[in-house]
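S.K.: The lines below spell out each chain.
There are 2 protein chains.
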Amino acid sequence: MTFNAPVGLIADTLNHIARIDDLAATGAFPNFDVDLVSPILDEANKLARDVLAPLNPIGHKSGARLTDAGVIAAPGFSEAYAQFREGGWMGLSFPEKFGGQGLPKPLALAVMEMMHASNMAFALCPLLTFGAIEAILEHGSDEQKQMYLPKLISGEWTGAMNLTEPQAGSDVGALKAKALPNSDGSYAISGQKIFISWGDHDMTDNIVQLVLARLPDAPQGSKGISLFVAPKYIVKPDGSLGERNTFRCIGLEHKMGIHASPTCVMEYSNAKGWLVGEPNKGLAAMFTMMNSARLNVGLEGVGLAEAALQAAVEFAHQRKQGQANGVEGPAPIIHHPDIQRSIASMAAATQAARSICYACGAAAELAKHATDPAVREAAKMREDFLTPLAKAWSTDRAVDVANFGVQIHGGLGFMGETAAAQFYLDARILPIYEGTNGIQAIDLVGRKLSMNNGAAAISLMDEIRASAREARETNDPRFVSIAERLEEAVGVFDQATDWIIAAMKSARESALYGATAYLKLAGDVAGGFYLTRSALELRHKGHGERAIALARFFAENSLAAAHGLMGPITMASRVGKDTALLASGNGE
Amino acid sequence: MTFNAPVGLIADTLNHIARIDDLAATGAFPNFDVDLVSPILDEANKLARDVLAPLNPIGHKSGARLTDAGVIAAPGFSEAYAQFREGGWMGLSFPEKFGGQGLPKPLALAVMEMMHASNMAFALCPLLTFGAIEAILEHGSDEQKQMYLPKLISGEWTGAMNLTEPQAGSDVGALKAKALPNSDGSYAISGQKIFISWGDHDMTDNIVQLVLARLPDAPQGSKGISLFVAPKYIVKPDGSLGERNTFRCIGLEHKMGIHASPTCVMEYSNAKGWLVGEPNKGLAAMFTMMNSARLNVGLEGVGLAEAALQAAVEFAHQRKQGQANGVEGPAPIIHHPDIQRSIASMAAATQAARSICYACGAAAELAKHATDPAVREAAKMREDFLTPLAKAWSTDRAVDVANFGVQIHGGLGFMGETAAAQFYLDARILPIYEGTNGIQAIDLVGRKLSMNNGAAAISLMDEIRASAREARETNDPRFVSIAERLEEAVGVFDQATDWIIAAMKSARESALYGATAYLKLAGDVAGGFYLTRSALELRHKGHGERAIALARFFAENSLAAAHGLMGPITMASRVGKDTALLASGNGE
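Those sequence lines, one after another, are chains A and B. In terms of this note's numbering, the first sequence is residues 1 to 588. In terms of this note's numbering, the second sequence is residues 589 to 1176.
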C-alpha cells in the first residue's frame, strides 16, 4: 500500500478543533504563524510517506535484533532516523532555549500522528524521547537540563523510560530496583527492568535512560520511588562522551507486532545515575512522562487507524468480487454496502479520535500558556478529563479500525505480512501500555470525574449542548438530525455521570465495574461533539460535505447507540455478585 | 496454561439446549443412550487436555513446513493424529454403514469444541475431513462412497476442500480451474487453488481432495461449477493405493495464527479426478460442505473462547498487582472490578455462543430425523436461521473474548508466544473463512429472513417470549429482571425484523447496510434466550446458581444494550449517501 497523510483533514482539525489560532493568541509562541501549518505538515508528510512508510513492512519482517554489541535497529532505520533528526522533528514543540522550535504542541502531535501512521515501531523512539525530555524539563536540575536537553531535543541522543519490572506493571509501586548513593553525588542503580521500548539501539551515540528505583530506607510502595537519569555513555563536563555505563539490554521480547521497536529487558548492575527532582518523589515525575505518553499513545492509535483506513480504501477499490448495480463484470468490493459501512465506520472513528487527541493537546497548551488564569484552570480541567479518553478511547478505536481493515481484506488480511495484518498486530499493544485502558477508565471515574464533583464533565456537556443548539438553528435537516442524536447522547451521558458520581461516594466498587463502559460513552459523546463542531465550522468551506458526512455517520451509528451503554454502566448494582461468581472460574 | 474442558457445562448444554433426549426419541440413533454422554465427553477431554493442548504452543512456534517431499506437520502432530484416529473420533456422528458410530451430531460438536479449544490448528484437519465426508455422503456415487467413506470416517485418510482461487474468494463463481474429460470416465483437472487448509501433510497415507472446477463449455459464473474428488494417491479397485496424483502443494502461507495448520497453495496439473454429483451442480455440493463447515467454524469460535477464558481466569488468579479490600499485600488481579467484569463478559459470551451452536446442530439433526414432517420442517427453518448466527456471532465473540484475554494479561498478552496471544492470533481467521461474517449477515437478511416472510424469526420470537413469561412466573426477582431484559430485547428484535423485511422489498441496499448490526442483535437475543432456558432448566439443580449468573450478566450487559443497535440497523435509510462518500476515500 501507499500511505499519504490526510494533510487537509489534519489542518482542518488543527484549525477548528485544536483552534491553533487561540493558542497563537496567547503570545506564548512568537515563532508560530498560522501560515506555517501547511508547509510543516507537507514536509512531515514527505518524510512519513517517502521514507518511513516504505520501511514499515521491512521493519515488521526483519525486526530489531540483539547482538553482543547491543541492539541493532531494523534495516534502514538508522538512515531514516538521521533524516528525522536532520528535519528537526524532535524539537518542534520544545523550548527554543534548549534548541527546540517552540511551536504549539498540537502541531507536533499532528506531525507525530503521521510518523505513527507510516511506521509506528519507528515513531515510538521519539515518543519515548519526548517523555524523557519532559521529565527533565519539569523536574531536572539546571545542570541536568544543560547536559541532556539540547542533545535530546536535537535528536542527537534519544531517551527511554524504565518503569516496569516483572512484578511491577500497572502497580508501579511494587518496583524493587535499588539506588545506593555513591560518594560523588551519583547513585549506583541495580535491578532488572522489562518492556523497555527502544532501551537500546544503534541509531544514536548515546541513550538517556530515565529510571525509577528505590533509595535505601525509602518508604514502601509508590511513596518510596525516585527518578534517576542514567546515560548509556557518561557525559563529561565538556559534553563529550566518557565511559560506558553498566547497564545493558540482555534480551528482546518476541512480540505480536511492532517488531522493529526493540522491547528490551534491561539489566542495571551498579549503573551510574543521578537523582532527578526530590528523593521519593519519582511518582510525580513519572506522571509527567506518563501524561505526555498517554496522549501520544492516543495519537499512535489515530495514526494506525488512519493507515488501516487508507489500506482498506485502496484494497476495496482494487479487489473485485461479486456483482454490483451499475458495474459491468466483477465489481470492486467498495460497491458492497457492508464494505461501505465498514469503511465509513473506520473513517468516522478515526476522525473522532483525532479530534479528541488534538483537543486534548490544545487544552494542555492553554492550561500552561493562556493569559487568563480562569482559562488556564478550565483548560487544565479539560486536559485532565480528555487524557484518559485520548489514550483509551482512541486506542480501542484503533483496534476496531484495524480489525475492520483485516476483515475487508478477507483471507489476505490474515496473512501475517500484509499491511492490514501488520496494523492489526501493531495496534494491539496500544490499549495495554502507558496504563491499560481499564486503568484509564478508573482514572476517569476515580479522579477526573470526582474532582470538583464532575465539573469537568459538566463544562463539556454545556459546550456540547450549545453546539447541538447551533446545529439545530442552521435549519439544515442534516444538522437537525445530528443535533437530535447529540442531544440524546449527551442526555445519557448526563445521567450516567450523575450515577457514577453518586456511586463513587456510596458504592465505589459498583462505579468501577461500570468505568470502562462509561469511558466508552464519554468518548462517543466527545467524538460526536467534535465531529459536529467540524461540520459546523466547515459547512460553507472546501471539505464541508465530507465533514457533514462524518458527523452524520457517527451520529447515526455511534451516538444513536449511546443509550445502550446505560445498562452496562450501571450493571454492577444489579449483578455484582453474579459477576464475582462468574469470574471465579467455570465451576468445573 | 492448563486446559480442561468444562465437561459439566457442556453436558448441561447438550441436555437442556440441544435437548439430546428429543433427538434420541426420534429412533434415528439406536446406538445412542443418554448415559453415553458423560463417558464420551470425559474420554474426549483426556485427548484434548493431555495430548492436544500441550502440543498447541509447540505448533504455534514451529508451524508446519513445506519440503520437497511435501508438507510435514508440526512436531508431535502425527502421533496426536494417530491417537485421534484410534479413538474413533472422526466417525462419531457418521453412519455405521460406513464405519461410523451413528451418534447424534451435537455430541460430535461437543467433542470437536474440545479439540478446537485445545488445539485449533490440529482440529481443522478433521473439520475439513467432515466437509469432504458430507459432500461424498450426499452427492457421491455408490462406488465413490465405498471407495472413500470408510477410510475417511475411520480417519485413515483425511479430506480437504479446494474452492478458493486468487480471483475467486467470496465470489466462488469466478473460479477458473478446468476439468477436461479423460477417455476412462475420469477428468484432468488443472489450475491453482489457494488457502487450502491441510491440503497436504504427512499424518496419513492418503488425502482426498474435493475440488471445484469447470467443465469445457460450462456456463459462466456459479452455474458452471462442478465438484470433483481427487485423491493424492489413486485408489485401485482392491482399495490399495496406486500412482501419485499430479497435484501438489507449491507453497505455504505465512499467517498471523494457526501456524500448525498448513495453508497450502495447490497446483493441479492434469490431476486425475472424478465428478461428484451432476455436472455444473457443484455449487449445491459446495453448500453441503459449507453449511457443515459454517457450524463447525462457529464451534471453533466456542472452543477458542473457552480456552481464552480459562487462560484469563488462571492468569487473573495468579498475577498480583495493586491492593484489594480484604486481601493482605499485593492482590491477585481477579479482585479488581474491571477484571471481574471482563471475565464475566467472556464467560457469558462463550456460553451463549456454545448454546447457539449446539442448538443449530440439534436443529440440523431434527430436520433430518424427526418422525413428524412438521417438526422436520420447523427444525430445518431453525437450522437455516441459526447457521449464520452460529458462524458469525460466535466467531465475532471469539475475537472479542480473545481480545479481553490479551488485555487481562497486560504486557504479557502482547508477547507472541503466550497462550493468550496465540488465541488472539488464531481467532482472527474465524470471522473470515467459510464465508466472511459480512456474507453471513447478507445470508441472514437476504435469504434466511426473506424465506417465508420472516417465519424463522417469528417462531424464534414466540419461543423467546414464552420463556420470558416462564421466567417472570417463577416470581424469583432474579428471573423477573432477566425476563424484563429479554422482553425488551425481543421487542427491539421484532421491530428490527419488520424493518429489514420491509426494506428488503423496497430498498434492498438499505437492508444490506444494516445486515451486520441485525445479525449482532439476532445473536444477542438468541444467546440471551438460550442462557435463560438453561437457567430455568437448571435452577433447582447442581449448576443452577452459575446458570442464573450467566443469564443475568448477559441480560444486563448485552440484552440491556440491544436497543442501541436499532440505530445502526436502520441507519442507511438516513445516511446511505454519506456512507458512500466516506467510503470513497479521505478526499485528499
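Quick caveat, the hints were computed from the structure, so don't treat them as lab data. Just so it is clear, the structure is predicted and the values come from calculations on it, not from any experiment. All C-beta atoms in this analysis are idealised placements derived from N, C-alpha and C, irrespective of residue type, glycine included. Treat the hints with care, since some could be wrong.
[Claimed, not checked] Here are some chain A residues pointing at chain B (derived, C-beta under 10 Å):
#, residue
1, Pro30
2, Glu86
3, Gly257
4, Phe553
S.K.: Are there hints from earlier that the structure breaks, and if so, what are their numbers?
M.R.: 1, 2
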